[in-house]
Amino acid sequence: MSATTEPLSAAESLLRRSDDLRRGLGEDVRDRIVSSLYGEAQRISQRAVHDEKARRWDFDQKIDRLVTSRLFGLPLMLLLLAAVFYLTILGANVPSQMLAEALFAVEDWGAGLFQTAGSPEWLTGLLWHGVYRGLAWVISVMLPPMAIFFPVFTILEDLGYLPRVAFNMDWLFRKAGAHGKQALTMAMGFGCNAAGVIATRVIDSPRERLIAILTNNFVPCNGRYPTLIMLAVIFVGAAFPPAWASVAAAATVVGVVMLGVGFTLLVSWGLTRTVLQGEASAFTLELPPYRRPSVLRILYTSLIDRTIFVLWRAILTAAPAGAVIWVLANVDAGGRSLAQHAIAFLDPLGHAIGLDGVVMLAYVIAIPANEIVVPTMMMCYLGAGMMTEITNYEDIRRLLVDQHGWTMLTAVNLMLFSLLHNPCATTILTIWKETRSGKWTALGTLLPLSMAFLVCFAVATLWRALAP
Amino acid sequence: MATGHDCETCPAHAQLAQMGISLGDADHLVALAGNPNTGKSSVFNALTGLRQHVGNWTGKTVARAEGGYRYAGKSYKLVDLPGSYSLLSASQDEEIARNFLLFGRPDCTIVVLDATALERNLNLALQVMEITDRVVLCVNLMDEARRKGLEVDVRSLSRDLGVPAVPTVARTKEGLPQLVQTVADVIAGEIVTKPLRVQPPPEVAQALDELTPLILEIAPGLPNARWVAMRLLDGDHEVRQALLRGELGLLAETQASPAERQSSLISIHGSQ
Amino acid sequence: MSQALPWLLALALLAALWAAPRYGLRDLWRESGQKRLRRRFEDALKHMLAWERRGKIATPESLAGALERSPRQVLALITRMESKGLVCSGSEGVRLTPEGERLALHVVRAHRLMERYLADEAGLPMSRLHQAAEKAEHELSPEGADRLDAHLGHPQRDPHGDPIPTSQGELPGVEGVTLTEWPVGRPARIVHIEDEPAVIFEQILAAGLKPGMTLWVVEKTPERLVVSGEEAEHRLALAVAANIQVAAAAPERLRASDAVRLSALPYGVRAEVLELDEECRGFSRRRLMDLGMTPGAVIEPALENTFGDPRAYRLRGTMIALRRQQAGQVWVRRLSGERKEAA
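Residue numbers (the working numbering), protein chains in the order written: chain A, 1 to 468; chain B, 469 to 740; chain C, 741 to 1083.
Because the hints were derived from the structure by calculation, they are not lab data. One or more hints might be untrue.
The following residues of chain C were derived to be distant from chain B, with all beta-carbon distances above 12 Å [to be verified]:
#1 Arg-779
#2 Ser-823
#3 Arg-835
#4 Thr-837
#5 Leu-945
#6 Lys-950
#7 Arg-975
#8 Arg-1001
#9 Gly-1032
#10 Glu-1040
Result set (DMTMM-like, lysine to aspartate or glutamate): computed pairs, CA atoms no more than 20 Å apart in a straight line [said to hold, decoys possible]:
#11 C:Lys-960 to C:Glu-936
#12 B:Lys-542 to B:Asp-495
#13 B:Lys-662 to B:Glu-598
#14 B:Lys-662 to B:Asp-611
#15 C:Lys-950 to A:Glu-27
#16 C:Lys-950 to C:Glu-1044
#17 A:Lys-62 to A:Asp-158
#18 C:Lys-950 to A:Asp-28
#19 B:Lys-641 to B:Asp-611
#20 A:Lys-62 to A:Asp-347
#21 A:Lys-175 to C:Asp-1049
#22 A:Lys-62 to C:Glu-1040
#23 C:Lys-775 to C:Glu-874
#24 B:Lys-662 to A:Glu-40
#25 C:Lys-786 to C:Glu-921
#26 C:Lys-786 to C:Glu-808
#27 A:Lys-62 to C:Glu-1044
#28 C:Lys-950 to C:Asp-1017
#29 C:Lys-796 to C:Glu-832
#30 C:Lys-950 to C:Glu-936
#31 B:Lys-641 to A:Asp-158
#32 C:Lys-775 to C:Glu-792
#33 C:Lys-875 to C:Glu-782
#34 A:Lys-175 to C:Glu-1044
Don't be surprised by glycine CBs; every beta carbon is placed ideally from N, CA and C.
Can you build the whole structure from these sequences, using the hints too?
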């Protein structure tokens, strides 16, 4: 053999010698090295640390016992989640309306200004009723809820509550063949699914990390709450007395989120038994001590890092989308606008899954970002309707229910579709960046999409069969 | 400049470039290591403020944050290493931290320790101290320790470990000026560190004694030959490859001994 | 004319599908043919190495049996392998050339490393390891094997207890004797479990026996053995016991009588870590050690969640959550002076 006839370099012979020594020492060399390190660490820390009183763990432990307790652990988690949504819905309502009124007033004023200055009608329409209206919608619908949701959520994160969620939920994930830390990545997904996909880096096992990546889309991200919250308020909240409307709406959103968690577990389970076979790997999770959150940092990370970041992204996609919608709605072909052609084309598909052509078109246009689904729908409906201004939920309800025949089925299926459909373009790109695989990216895109169609179709068919 | 990073062509610079790090016009390179949940990112944020850049480690899906600060007329580049419990495991985070300390050769490494769990945190500190001499311990979360009734004797820690230790509360920036000062002193050679090297079990020590001179033959002057020997005993693939490619020898050539660095420093200070 | 167009298009598409470079069906077929041939070569080499290790020489008939091929096909295969200088056949049978032996050892090494990887890191159950590794062994290059070896921490044995050849092609022997020959009452450590035939292997696994386990032969009759494992007694047919090889248990491997698994330690009771089980391997073992789960460390179960799994333990001033299955791989001893549960 050639390897033995050539003289070995110094490095090679050194490696040979080290291999021999390693075999002589047995397989547990590393165990012994780590043990000696910890032995020293223990001696040094015993000399340096004096325990004044034995009250070390008292307070933290009491809280920990409560939030992870057999009886209260999970209900407390749900309650916290519901409280976050309740605060968001309740707090965002009034500022949203004020913002909408102000911003739409500017639209009229600006369009008027353009007209008096003699600008052609198409330019006024494109800029003010297209681009600007899209932006106004996104800002008024998204900014207030985000400005509340993200800081509240960051407080929970800073306190150290999220690892406890992973601890509470791990059993369920293990049964699905996944990792408890997937719960952490899902929590990040509430903010933004792309961030959630990046957060899966905390999972060491490649198999379980892929599961977490492929299913992250099933937690509704910030761009999808406006849809969920709007539907919850209009269709569920409105059925309750005003005092309870916000509570009922928040409970509905929590219900949808729980459904998303259910789908996550179900799909994880399915993946474990099909394309990603294997046993659940080791789970070691540190539960860090509770820390007092620092207010400045929370405001900084939640407002600058998250709110402004997500809003900016939404604005970047809303502006061109607004222009596209305006063009679609105002360019005629054969007596009908392009939008009407598209809506008519998509209508049978939409109808089959309990929705309509407008919703389908909105989801096609909203591939770059989910935030613009509601604005697109509104603009398409308004293009054909007579109302010019929508500033509160009651206006929207009248538009959807009275003018365009929405029913409870439409609302339920839109919530389901919003929860399950394909991830936005940013998330798809992130999946590709993280996995470097076209196969997994395609699966991560098509699996949720087909789930959305299947589930909505099943619900619509059943509903129609059972309803008189 | 006195950093050893001042030439575009020298090997360490190439190594840094490979890791996607450019020193820019900074005078010194400082690494920030620590366990997860030690408030390491608070220390990083408090030191760099808004002057930071977030990206990925080259070719890896591990986030990297780097930033800068100025102190006493010098500019420092601070690289936040991935939080890790150890430098021994094969996890990607730990490998990146390890490679940066070994091949990036920072001028100083700050190890952030959680004062409430020193025992666990010291494991990492001891491993960092095997790779590099210039280590400053940042004993963070002192307020939490006080709240839990723990009295941490930082001087005893510093004495036992042979490197300076600074008590801090990064949240309120308590102790950070001293930390920055200490880092500057260690880089300037005004504080000379003598890091504790843990005595391994006798049979391992014997094997190390045999391998270390062999490594020094290949890479004369390598400051962490004993650590390299330990990694070879553990069968570390990266270190083996580095040895075969002759990269360890290059490290040795450019790594000046502390005494030489000090004399070059004095001459530069003198010329200013 | 307009009717012929779709057909022409379809034909063109089919032609492209067939002839496209690399991903076309023709190239895929050729590539898979080469892979099949390589796989057959390597399986044949492995068989010959196994026989040579047992002091026998492989014959065309034994090869035909092992590869499940007809004698004619095997003869053709041997001719091709001879032309590549991997084997030389004589009147007594087929022998490996040094080159053939080197390749065979690589395949064995790849197989056993893959098994180790699949068991430790991918979490594949024992019963499926062999099948999966049979496929994967042909995909691993020598460099890939070296990297995997380092990644796994240079294991010396595969999950069945078989030695893994070194990168220089050294293959240490198995030191054990079969369980049927082991005396009654002396503690033994399982060093190897034969994974073929699969039926018997399944039975052994079902009894919960694994390499590294310590056991005692309690009773021996002409039909069966009664052995006592760590937790239960097993009755094994002699044919089953013959597939288990054991060696003398090292004295330090015998656990202290008061050792319990961490998963069985009651809530709030402090204990000292004795050791990590042999089953705790790979990344999981390294991570536990790095978190401070080293012999002598003091540990206490501190938190339980709704489902009772995982539990969180207080260890070296930190709180670490572990699944029950992992905690079961850590052996601890209650610290004296701690309150005892009513037995």
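Going through the hints against the structure:
no.	hint	verdict
1	Arg-779	holds (27 Å)
2	Ser-823	holds (35 Å)
3	Arg-835	holds (34 Å)
4	Thr-837	holds (29 Å)
5	Leu-945	holds (28 Å)
6	Lys-950	holds (24 Å)
7	Arg-975	holds (41 Å)
8	Arg-1001	holds (23 Å)
9	Gly-1032	violated (5 Å)
10	Glu-1040	holds (15 Å)
11	C:Lys-960 to C:Glu-936	violated (24 Å)
12	B:Lys-542 to B:Asp-495	holds (6 Å)
13	B:Lys-662 to B:Glu-598	holds (11 Å)
14	B:Lys-662 to B:Asp-611	violated (29 Å)
15	C:Lys-950 to A:Glu-27	holds (18 Å)
16	C:Lys-950 to C:Glu-1044	violated (30 Å)
17	A:Lys-62 to A:Asp-158	holds (19 Å)
18	C:Lys-950 to A:Asp-28	holds (19 Å)
19	B:Lys-641 to B:Asp-611	holds (12 Å)
20	A:Lys-62 to A:Asp-347	violated (57 Å)
21	A:Lys-175 to C:Asp-1049	holds (11 Å)
22	A:Lys-62 to C:Glu-1040	holds (16 Å)
23	C:Lys-775 to C:Glu-874	holds (14 Å)
24	B:Lys-662 to A:Glu-40	holds (16 Å)
25	C:Lys-786 to C:Glu-921	violated (28 Å)
26	C:Lys-786 to C:Glu-808	holds (14 Å)
27	A:Lys-62 to C:Glu-1044	holds (13 Å)
28	C:Lys-950 to C:Asp-1017	holds (12 Å)
29	C:Lys-796 to C:Glu-832	holds (10 Å)
30	C:Lys-950 to C:Glu-936	holds (15 Å)
31	B:Lys-641 to A:Asp-158	holds (18 Å)
32	C:Lys-775 to C:Glu-792	violated (26 Å)
33	C:Lys-875 to C:Glu-782	holds (11 Å)
34	A:Lys-175 to C:Glu-1044	holds (17 Å)
Comparing the model with each numbered hint stated earlier shows that hints 9, 11, 14, 16, 20, 25, 32 do not hold.
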